[in-house]
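*Asks:* One point on numbering: in my numbering, the residue at position 88 of the sequence shown is 88, and numbering is uninterrupted.
Treat the hints with caution; some may be incorrect.
Unchecked claim - FRET-style restraints, in silico, Cβ to Cβ:
| # | residue 1 | residue 2 | range |
| --- | --- | --- | --- |
| 1 | Arg163 | Lys398 | 37 to 45 angstroms |
| 2 | Ser137 | Asp19 | 42 to 50 angstroms |
| 3 | Thr56 | Thr282 | 37 to 45 angstroms |
| 4 | Thr56 | Ala77 | 39 to 47 angstroms |
Just so you know, the hints here were simulated from the structure itself, not pulled from any lab data. None of these values were measured; they are calculated from a predicted model. Glycine included, every Cβ here is placed at the ideal spot set by N, Cα and C.
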Amino acid sequence: MTQQINAYPQVEPTLRLPDLKQALYDGDPLFLPTTVVSLHGEEHKEKRRVVQSLFTREFFRNYQNHVFPEALEETLAPALAEGRGDLSRFAYRVLVNLVADAAGLDRDRTEVQTDRILMIIGKLGKAPTIGQMLSGSVEAARAEIREALAIFKDEFYAHSSARRRALLAAHADDPSVELPRDMLLYMLRAYDGRIEEDQLVRDTAFFILAGAFTQANALQNTVWEILTWCEAKPETRAELLADPALLQKFIWESLRLHPASPVARRKALCPMHLPDGAEVETGEIVDVNMARANRDPEIFGADAATFNPYRELTGRVQLYGMTFGAGMHSCVGRILAAGMPIRPGTEGEDETEYGTLHEVIRALLENGIAFDPANPPKIDDSTERKHFESFPFLLPGKG
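Whenever a hint applies, use it, and build me the whole structure from the sequences.
*Replies:* Spelled out as structure tokens, the structure:
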């Protein structure tokens with residue numbers, strides 16, 4: 001029997017129950033079950049501490065203000081030269097270099113290498129959706145995951161980890177030796193010699209997948225919502241460019257409607273009472289439906305199922321709802337992706353964390369992004385999650 005949690009007020013207390021274990025990725029025995037997204041108890045606490053030690057506010061601000069702008073400019077250039085592009089590819093390209101830098105992959109940044117990382121992400125992206133596949137072969141998807149992990153290890157992980165091991169050894173002898181600030185180095189410092197090499201490969205690959213795959217999907221959905229809105233209300237485009245806080249509301253409203261994981265699946269480790277009063281037995285599944293909870297009319301109003309970035313909420317409810325989860329498996333990259341609430345008077349300050357989604361969408365709007373009337377976006381129907389198979393766009397430039 002599976003218990004369903006659909007009401008918004010029950011989501012957070014349910015996700016915070018310590019005896020509910022991650023079960024969403026049980027259909028993937030190869031990759032995700034041993035990464036931080038699936039671990040439980042002390043194993044999870046230790047690995048999450050390592051991840052969080054990298055993800056400080058200083059780290060977020062540095063990447064937003066100094067690292068990401070260069071990657072964004074490089075990715076925009078070809079689309080501006082062509083006057084068009086496909087967001088289903090652009091979204092990954094604009095994020096992949098940022099995520100690869102944060103992960104600790106040493107590479108020469110050629111188009112060939114970027115394409116290889118994109119191919120790896122595409123194959124690894126089958127892992128979180130195996131449980132929601134509506135068509136296709138599960139075994140074929142698992143074969144692609146195996147292939148992607150092998151390529152990732154040989155072409156990116158091996159030499160990157162070797163250089164960081166050498167730097168850590170040199171730093172131990174001479175503390176003045178500067179160490180890079182990235183996830184691979186932090187993982188090696190915490191776990192090298194304690195866990196198998198292939199687990200470090202999976203942990204690093206997961207960091208790439210989580211950072212690029214989920215943000216790329218969020219970017220596409222948000223651009224779709226904004227362009228649809230601006231077609232009906234053209235004056236909004238100028239308002240979004242003039243008001244960073246308003247643009248953030250549009251982004252967070254899209255995140256509410258299109259959570260990266262529509263359902264959080266948990267398994268009971270012992271008999272318990274859920275916050276809504278239901279009883280579950282050991283081994284029973286509890287599905288926390290983020291997508292439904294984020295559209296709860298009792299919280300978000302009668303128009304909860306529609307895109308309305310001007311909605312006003314009360315209490316502790318965030319405009320993006322429960323999209324980033326709660327409890328032990330809440331998203332540690334939330335600030336990097338979605339930023340912090342923009343306070344009046346702080347716009348333009350280096351201390352303001354707008355988030356990478358905000359930076360990319362603002363740049364696209366500044367350059368006149370629009371739907372391509374001759375080639376409308378196509379939705380991928382092979383999974384319950386909303387993905388775009390293709391998303392052609394026009395990009396005429398600032399003119």
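*Asks:* Provide an ascending list of the numbers of those earlier hints which the structure does not satisfy.
*Replies:* 2, 4
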